[in-house]
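A.B. asks: Go ahead and model the full structure; you've got the sequences and the hints to work with.
Protein chains: 2
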Amino acid sequence: MSKAITSRAQDYSQWYNDLVLKAELADYSAVRGCMVIKPYGFALWENMRDALDKMFKDTGHVNAYFPLFVPKSLFEAEEKNAEGFAKECAIVTHYRLKADPNQKGKLMVDPEAKLEEELVIRPTSEAIIWNTYKNWIQSYRDLPILVNQWANVVRWEMRTRLFLRTAEFLWQEGHTAHATRAEAIVETERMLDVYADFVENWMAVPVIKGIKTPNERFAGAEDTYCIEALMQDGKALQAGTSHFLGQNFAKAFDVKFSDRENKLDYVWATSWGVSTRLIGALVMAHSDDDGLILPPRIAPIQVVIVPIYKGEEQKAAIDNKVNAIVEELKHAGIRVKYDDSDQARPGWKFAEYEMKGVPLRMAIGARDLEQGVAELARRDTKEKKSVPLDKITAMIPLELAAIQQQLFDRAQAFRNAHITPVDSWEEFVNVLDNKTGFVSAHWDGTPETEEAIKEKTKATIRCIPLSNPAEMGDCILTGKPSAQRVLFARAY
Amino acid sequence: MSKAITSRAQDYSQWYNDLVLKAELADYSAVRGCMVIKPYGFALWENMRDALDKMFKDTGHVNAYFPLFVPKSLFEAEEKNAEGFAKECAIVTHYRLKADPNQKGKLMVDPEAKLEEELVIRPTSEAIIWNTYKNWIQSYRDLPILVNQWANVVRWEMRTRLFLRTAEFLWQEGHTAHATRAEAIVETERMLDVYADFVENWMAVPVIKGIKTPNERFAGAEDTYCIEALMQDGKALQAGTSHFLGQNFAKAFDVKFSDRENKLDYVWATSWGVSTRLIGALVMAHSDDDGLILPPRIAPIQVVIVPIYKGEEQKAAIDNKVNAIVEELKHAGIRVKYDDSDQARPGWKFAEYEMKGVPLRMAIGARDLEQGVAELARRDTKEKKSVPLDKITAMIPLELAAIQQQLFDRAQAFRNAHITPVDSWEEFVNVLDNKTGFVSAHWDGTPETEEAIKEKTKATIRCIPLSNPAEMGDCILTGKPSAQRVLFARAY
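If you read the protein sequences in the order shown, they are chains A and V.
With this note's numbering applied, the first sequence corresponds to residues 1 to 492, in that order.
With this note's numbering applied, the second sequence corresponds to residues 493 to 984, in that order.
Everything labelled a hint here was simulated from the structure, so no lab data went into it.
Be careful, since some hints might not be right.
Unchecked claim - In silico BS3-like cross-links for lysine-lysine, where the CA-CA straight-line distance does not exceed 27 Å: (1) A:K80 to V:K596; (2) V:K606 to A:K106; (3) A:K134 to V:K841; (4) V:K829 to A:K57.
Bear in mind that the values here come from a model prediction, so they are computed numbers and not experimental data.
C.D. replies: What follows is the structure, encoded as structure tokens:
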């Protein structure tokens, strides 16, 4: 097969790149660090987006759209946020090109079209949104504001990777405004739950909910909640974050409201986001050396049907039967594709749909038709079985559900086997280097120790799990007292 | 009512601005020429987008996503396209901010982070997409490519207006690649039909399909097809365009394919787009001095129910009945809102939902309940009638369909009454100044005459209608021979 990819054992990182390209999820572009999301990858993103969007709406949120540009003076208003993103901002300085007098047919930036104030391309939209909320909020009656936007953002990363870290990416960012601290915290936690629900039940990727240490917090947040997932190479990946922003942005943009007692106070804020990075997590959590493995609930194609025939007569008989099955499956809401193209042989198609991670393949030949059966093959386990045609449309939804569950169970078993409690530095380093995965260890709670551990091992504190039991112990590095274990890992 | 807006008769332009702001469709932003699309406006856009997206997919198209940035060297590759957009491009020149040493807490563009090659923010994506297609197309087997993207684009307009002309706007842009000229032309025309279908049958705005003159063509196109609508002030508005791009972009980006005979040829292209500008067209085609009037098929709220009561007991009885009706309507796929908020009186709510253009209002009081009726009020005609409660859920879909039809009929009657054939210059100017609307007149076919007419009257040739009969005549300005009438108008 021309589409063979590097194996995971050989080079995990190369396997990932090969897979993203060969499964036609994305492509490199002519712009440094920016990718093209190809139709198959975008169809996957649409399914993820639509499921999330429904969850946001079901929890009372509405969508809106704010400008791509943030004037520099607004961008710098919330100091920590500005400091956190200043180093990776794309900046618009001019608004016109003109013919280059020295090079025929070429254009140059028109020096006379320099902006009075530079515009930052949003790396995140707190600044432009809170500057807008100032006009929307006067009284407690205007609260809460529960707004989300689906948008592109730009962060000028020096080292980029398809989906995982790109200069431009697609995401959603929720920005909510509340009358009380308590209500804002409830919202922060609610959206973390929505993300965990989505990633576990749609993407079939188990996550650990936790809180970031101050070092790892979103710039401008009082608390950052996160969900952390584990990839097959034992590295962690932050799959989504939900921030309690306190009154930081309200103070920076002077957004006050009068409460029921007519007293003025600053508004409380949250923000939360997930991005196309989730596609990278999806690929690395489930796929194998033959290609992508997609969970049925978000797979662009859930079932592919491949006919095996010689001559027009056999083809017509198969078509006749398959068309009826396709109709029934579509009616049941199944995303099915009948690939009867005569430009490729069945074996090539089998490999192609394996590469693309289609959960179920049904193959049917002339003899199958005579016997009233078809062959059903699962992408996840590679199991094949012969199924009576009169049972197949009833069976397919059950098979899809079984695959969804099996992917989650497998990922969860792997993840659970890769949370290792350790109590000595030697063990800590040994697990990180050999077993990999999350390491549950005591930490003295200081940023200095966290930083020193990162320096020595490249491992970061992924989170303090929400479900953490209190447990006294000694810091893995300094031996100082610690009140709980935290989760360390090397991470994407 | 605090929300009164300027009347159309008083100042049409101010009426439009007032309406967009007071109906909460959009808001001005801190960024010059950029707007905030508010949740109500965005919900409208979502309904429009989803309907269009389904039509694109039903005609075989898939979505993808290409970078926001276009390197200057790619941007300038197709010369006419580059020339057409060079004057209104936002340009990224730097990728980092740093602390300003002279102003504490302020940031400045880091001069050391200057890009080697400037990046143009896409005003349209032909360049970046055709540079990508080069890698996707080798053989006729790779064709056609039928891709669409939903994206934000930036055109640095000097005079902006909410929705109608903004520096950043949301749109979709289809970019297709074909093996033959004929197939590309069929695609160009197919998408024009899709746009006309959408604007007429969803937005209830009648359009004229036509072809642009060379002067008014998209920069880089061989032919631009368009749909033109008429606003209530007698000005035209271009509602969508579909371009036959010939081989221009294939040549600029060297995109060739080998055909069935293994002969190399350049690929044929189309592109087509509609934008959030359509919301401006929608507002100006239907609304009145009390606010927005929305066609039911795209209205975010199709039916609002307002209770009229004194005391908790009456309220409970009404709730009980209304909740059942709401359930039934939702089950039938109707977007219904029960506004039982106690923060506003019924009269205020009536005015609010009239401002927001909700097609149907159902009001129900304690006495209505006793008599088993409710009052149904149409936003378009302001007609009210008493309807038996046991018939109301069956009647509402019929009323919505009637409103949809009535809006179209009314707009069409107005439009048809405003296409005026004229045969003298005096009459031409008189109709433009007094009757307004489209003027159907002979033109000698030269860009010079077209330009001269524009200079003298501010009227442009909106299109050469596709349905135009051949008719010999004399040019309205020069008296030179003409083979057909074309449609002139002042336009947005």
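A.B. asks: Now tell me if each hint is right for this structure.
C.D. replies: Now the hints, each set against the structure:
Taking the CA atoms of K80 (chain A) and K596 (chain V), the gap is near 14 Å; set against the 27 Å cutoff, the hint holds. The hinted pair formed by K606 (chain V) and K106 (chain A) meets the criterion: a straight-line CA distance of about 20 Å does not exceed 27 Å. The hinted pair formed by K134 (chain A) and K841 (chain V) meets the criterion: a straight-line CA distance of about 25 Å does not exceed 27 Å. Proposed proximity of K829 (chain V) and K57 (chain A) is supported: the alpha carbons are some 15 Å apart, at most 27 Å.
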